[in-house]
Amino acid sequence: FVLAPYDEVYVRVSPGYEKQHNVTVKGEVVFTGDYGLSVKSQRISDLIQKAGGLTPQAYVKGARLMRKMTHDDSVRVISLVKLAARSSSKKDSIDVKKLDIGSEYFVGIDLEKAMSNPGSEYDVVLKEGDVIEVPQFSNTVRISGAVLYPNTVTYRKGMSLSDYVSMAGGYDDGAKKRKSFVIYMNGTA
Numbered sequence: 759f760v761l762a763p764y765d766e767v768y769v770r771v772s773p774g775y776e777k778q779h780n781v782t783v784k785g786e787v788v789f790t791g792d793y794g795l796s797v798k799s800q801r802i803s804d805l806i807q808k809a810g811g812l813t814p815q816a817y818v819k820g821a822r823l824m825r826k827m828t829h830d831d832s833v834r835v836i837s838l839v840k841l842a843a844r845s846s847s848k849k850d851s852i853d854v855k856k857l858d859i860g861s862e863y864f865v866g867i868d869l870e871k872a873m874s875n876p877g878s879e880y881d882v883v884l885k886e887g888d889v890i891e892v893p894q895f896s897n898t899v900r901i902s903g904a905v906l907y908p909n910t911v912t913y914r915k916g917m918s919l920s921d922y923v924s925m926a927g928g929y930d931d932g933a934k935k936r937k938s939f940v941i942y943m944n945g946t947a
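Per this note's numbering, residue 759 is the first one in the sequence shown, and the count goes up by one each step.
In short, the hints are calculated from the structure, not lab data. Just so you know, not all the hints are guaranteed correct.
[Stated by the list, open to error] Here are the simulated lysine-lysine pairs, DSS-like style, with alpha carbons at most 27 Å apart:
(1) K871 to K798
(2) K784 to K819
(3) K840 to K934
(4) K935 to K915
(5) K808 to K784
(6) K885 to K777
(7) K840 to K784
(8) K819 to K885
(9) K937 to K819
(10) K915 to K934
(11) K871 to K819
(12) K840 to K935
(13) K808 to K798
(14) K808 to K777
Let's have the full structure, built from the sequences with the hints guiding it.
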C-alpha cells in the first residue's frame, strides 16, 4: 500500500487475544514456580495438579493464598481507614495513620476441601498474580501485640487462647482483652 496524505491506519487488537495471566505456587508441591492461567475459571485444585501435586511433607491445613489488591480494593481500604480515623477515639490501641495497608492480602482457603471437591466453593478461582503457598507443618504459635513478652512457643493440643497469652507473660496494661484474635496459618482469623 502506498499511503496518501490524511490516510489513517488502524491496527486493532484481535478480539480473542488476552495477555497471559500468571500465578505462582510455592512450598510443598512437586514443581514450584510460575504457571499460566489457561482458562479464566482455573481453580486452586487445577494449579496444584499442574504443579505435580503435593509432597508428603505438605501441611494442607496451613496452605494460603496471597492476592494482589486491585485498584478498587485499594480505594475501598483507604476509604475504610479514613472512616476509622475519623471515628476512632484517643484510647484506641491502633494508630490508623501508621497503618501499612500494603498491596496484597490473604484469602482464607481450605486446600484440603478444595482438593477433595474440585469445582466446589472451597476451590477458589485464581486471578492474575495470585501466590499459593503450601507450607510444611509448623508446631509453633507466635504471640504478639499487647502482651508483656511477645514470643513464639510450641503448639500444644487442647490449649486455649488465654493459655498462650499466659505463655507470653499475660496481657499488657493497655491491652483490649476482648479484642484478642487468632490468625490461622491459612490466613483465616
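Now the hints, each set against the structure:
1. K871 to K798: holds, 21 Å
2. K784 to K819: Roughly 15 Å separates the two Cα atoms, so the pair holds.
3. K840 to K934: Distance of about 22 Å is within 27 Å: holds.
4. K935 to K915: holds, 23 Å
5. K808 to K784: Roughly 13 Å separates the two Cα atoms, so the pair holds.
6. K885 to K777: Holds, at about 13 Å.
7. K840 to K784: Given pair K840, K784 is violated - Cα atoms ~35 Å apart, limit 27 Å.
8. K819 to K885: holds, 21 Å
9. K937 to K819: Holds - the C-alpha atoms of K819 and K937 are around 25 Å apart, at most 27 Å.
10. K915 to K934: holds, 26 Å
11. K871 to K819: holds, 9 Å
12. K840 to K935: Roughly 25 Å separates the two Cα atoms, so the pair holds.
13. K808 to K798: holds, 16 Å
14. K808 to K777: holds, 20 Å
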